[in-house]
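**Student:** The hints should help you fit chain Z onto chain X, whose structure is shown.
Number of protein chains: 2
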Amino acid sequence: MPKKQMKLGAFLYPTGHHVAAWRHPQAAANAGSSIAHYREIAQVAEHAKFDMIFLADGAGTRGTEADLPALSRTATRYVAQFEPLTLLSSLAAVTSHVGLVATATTTYNEPYHVARKFASLDHLSGGRAGWNLVTSTSPYEAENFGSGGYTPHAQRYERAREFADVVRGLWDSWDDDAFVRDKESGVFFSPEKLHVLHHKGRHFSVRGPLNVARSPQGHPVMVQAGSSEPGKDLAAATAEVIFTAQVTLADAQSFYRDVKGRLAGYGRQWDHLKIMPGVFPVVGRTRQEANDKFEQLQDLIHPEVGLSLLQATGGLDLRGHDLDGPLPDELPPTEGGKSRQQLLIDLARRENLTIRQLYLKIAGARGHWQIVGTPADIADQLQERFEGEGADGFNVMPPYLPGGLVDFVELVLPELRRRGLFRTDYEGPTLRDNLGLPRPAIGGWAPAARAFEHAAE
Amino acid sequence: MPKKQMKLGAFLYPTGHHVAAWRHPQAAANAGSSIAHYREIAQVAEHAKFDMIFLADGAGTRGTEADLPALSRTATRYVAQFEPLTLLSSLAAVTSHVGLVATATTTYNEPYHVARKFASLDHLSGGRAGWNLVTSTSPYEAENFGSGGYTPHAQRYERAREFADVVRGLWDSWDDDAFVRDKESGVFFSPEKLHVLHHKGRHFSVRGPLNVARSPQGHPVMVQAGSSEPGKDLAAATAEVIFTAQVTLADAQSFYRDVKGRLAGYGRQWDHLKIMPGVFPVVGRTRQEANDKFEQLQDLIHPEVGLSLLQATGGLDLRGHDLDGPLPDELPPTEGGKSRQQLLIDLARRENLTIRQLYLKIAGARGHWQIVGTPADIADQLQERFEGEGADGFNVMPPYLPGGLVDFVELVLPELRRRGLFRTDYEGPTLRDNLGLPRPAIGGWAPAARAFEHAAE
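Listed in order, the protein sequences are those of chains X and Z. Heads up: the first sequence begins at 1 in UniProt numbering, then just goes up one per residue. Heads up: the second sequence begins at 1 in UniProt numbering, then just goes up one per residue.
Some clues are possibly wrong.
Note that identical chains are pooled: a pair holds if it fits in a single copy or bridges any two copies.
Quick list of in silico lysine-lysine cross-link-like pairs, DSBU-like style, CA-CA up to 35 Å [to be verified]:
| hint | residue 1 | residue 2 |
| --- | --- | --- |
| 1 | Lys3 | Lys293 |
| 2 | Lys361 | Lys183 |
| 3 | Lys49 | Lys361 |
| 4 | Lys293 | Lys193 |
| 5 | Lys193 | Lys361 |
| 6 | Lys260 | Lys200 |
| 7 | Lys183 | Lys293 |
| 8 | Lys183 | Lys49 |
| 9 | Lys260 | Lys4 |
Hints in this document: simulated from the structure, not taken from any laboratory.
Chain X with its partners taken away, still in its complex shape:
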């Protein structure tokens, strides 16, 4: 039996994940509106046999008028870029095997639209679509949808659970063989193979059926990123891939055991959920070269951008404080994202960091796992986490694009392949084939909402 192999996603911010990526000499600064740029990196990822490319999303531009000095120096995904579903649909036409995973929020969408667009993408890509289900916490999104406020966590998750069930129910509207298209008899579809959803719940009332035939994968692959308790439960009930942000091996192993351990409660198998932590690799042929590459990026961070990163990542507003002094003792409370704020504060206190050192520390991976080193260094760490049951694979976050992805492909992948840890060719044409995930049967899944009712009993 061949050795178990890791799964790899390419997590694509337009110019790359480092906060100053766009200023890098080899970065495509116009990435957010250059389809040629995305075509190139999608084809690089496919040529390298990545399982998927993955796009984050937010339906808004971050920041208020007061944030403009920092925002105007920042070219992350928060400013302006392609909308993910249109972008991936376009990339579907110029690729043939790489998976196409887009984020879409359950907070400001309708399940019918989401079910339809991802099913359509699955058809037009020949079975390569994945949906990263998220809930929205950002006020910058809320204000674009008639809501000034912040939706409480529990309510967002309740809506998300029902949303996931409606979407999966709509994907089961038609049997795989419903469309007989028999020109002779004139029967286009078999009426008994149509399943009308008739969903009536607390948040949604959706009759169905979906006006898209069942898609090549049955369901597009369900992806999630939540790491709160309700997030982990929702993932255990519904997700097939989880993107996580554990930095240490011990945390990764603990998260892995925790979430995988919940699967049985939802009637699911251990290996039908792939846990793929983010990793931010800075690769050099030598450690010195890797460090130099990283410092080159760090040097490009404007202090305004560094401070805004602390704000965006952990809700910490440290403007006006001495950049080369410690964090103030008293910090005002924030709405939402409390756990991320505490992570930052703990990090600063533990390592005795100045404000500048703190923002430099998180600037690369923004709190994700960061490895600066040689191909062997990086392969060692990935292998340790993969074989130590801390991960089923990784979500690679290139520091800048396209160069950072090309580095990983040209330097790290050969090392992983030499160790027998990563494929040399795709297992099949669909994302499920490559991830090793089963194709869902019609109705063959536990409704998240019902599972949660049981859990609450």
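**Tutor:** Below, chain Z without anything else, positioned relative to chain X:
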């Protein structure tokens, strides 16, 4: 000065516009989920220098359980097919000049999502996107969005006007040159070139800005199809292309004068709105061949499908009546679509048609303008309407696909070109270039909502 030339759109239903199209031996019955099919017809349309391809839309599958006998024999757009924005985004990657126009309803969408997706499509197609703004009347859509009922006409249009203004406002979020991306100074965009919308209206509260840079066309081309009084006013205020359904020359001329005459009231020029009636052409090398082609399609209509067509087109439920008898004297009133119902009844009475004859009569073009004849016959009629100020161009509705489009391209276009009525090459890379429409300046358009307030004074 060269002769004025007509604009041409290819209005694509998956298998074609004839209600029995999918049963035609040369029709692609699997069109609704075959990207290869759409790639072929998009490339045929582009090779022929069509201005655009156009996709209708409805967020639902028509019919209730009682309609299944007819529905299951019908492969029109009402059953299952690609979602338009994902489909056009994919086609953008395999075409370079043809315009890409998708329908999206204002009734069950959020303006931020719509503005964003069309701006994204405009970027990834290099300036070829168009948005066909519609309001939704179908209960089959309403039931997928938590609403069992029918939204009154006036309220739908009020929402649509505000929706159009929010979308255009969001498209003006960034000046064309806002993104300076100066790696040296670290300035990614110029803060003074960002325009935050801060819209607060009756239906929507949307802060903005849009998280997509201003798109190649400034605004994707605004398309509409309404022919009610509020529909014509909305079109005069906001539309740049109108798809209409006038059957006779006199009606077309009257509509043309009526709508164009309203433009000045909104500060707009006569030729900045292109009126493009639908035309359903059945082309033969001889009249006999054309008639035979048409009869071949008509013979494929199952009576269940014919009756459901009367229901779908004009709200007429004639099940249980003698197909070879006249329409009953008393017909139950319907909600919505009253004018289309009356058009059907008038047609039957005027031409003394049986029920079967009535459904056969509308089966081809479904109430649109139908021409069965030789290339010269069809060119004569198009020329008459074009030169007689009944149209600026036409929205070609192929009876079946891909054959019906290929017939038009191979037989009718050479005749139109011989007469100097249609281009031999594209004027430019964007849809606006080809339609001869100006590129909107930031804020250089009259808000529809305000225009209507003036009209009401």
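**Student:** Are the hints correct? Go through all of them and say.
**Tutor:** Do the hints match the structure? See the list:
Within a single copy, Lys3 and Lys293 get their C-alpha atoms as close as 33 Å, which meets the 35 Å cut-off; across copies the closest is 61 Å, which misses it. For the homomeric pair Lys361 and Lys183, the shortest alpha-carbon distance between copies (22 Å) is at most 35 Å, but the shortest distance inside one copy (65 Å) is not. Proximity of Lys49 and Lys361 under a CA criterion of 35 Å is satisfied intra-copy only: 31 Å inside one chain copy versus 55 Å between copies. With identical chains, the CA atoms of Lys293 and Lys193 are at most 35 Å apart between copies only, with a shortest distance of 33 Å across copies and 57 Å within one.
Only between protomers do Lys193 and Lys361 lie at most 35 Å apart by alpha-carbon distance; the minimum there is 32 Å, versus 56 Å within a single protomer. Taking CA atoms no more than 35 Å apart as the test, Lys260 paired with Lys200 passes inside one copy only; the shortest distance there is 31 Å, against 46 Å between copies. For the identical chains of this complex, Lys183 and Lys293 are inter-copy neighbours only, at 17 Å across copies versus 63 Å inside a copy, given an alpha-carbon limit of 35 Å. In this homomeric assembly, Lys183 and Lys49 come within 35 Å of each other (Cα to Cα) only across copies, at 32 Å, whereas the closest approach inside a single copy is 40 Å.
Taking CA atoms no more than 35 Å apart as the test, Lys260 paired with Lys4 passes inside one copy only; the shortest distance there is 17 Å, against 68 Å between copies.
The structure fails none of the hints (numbered hints given earlier).
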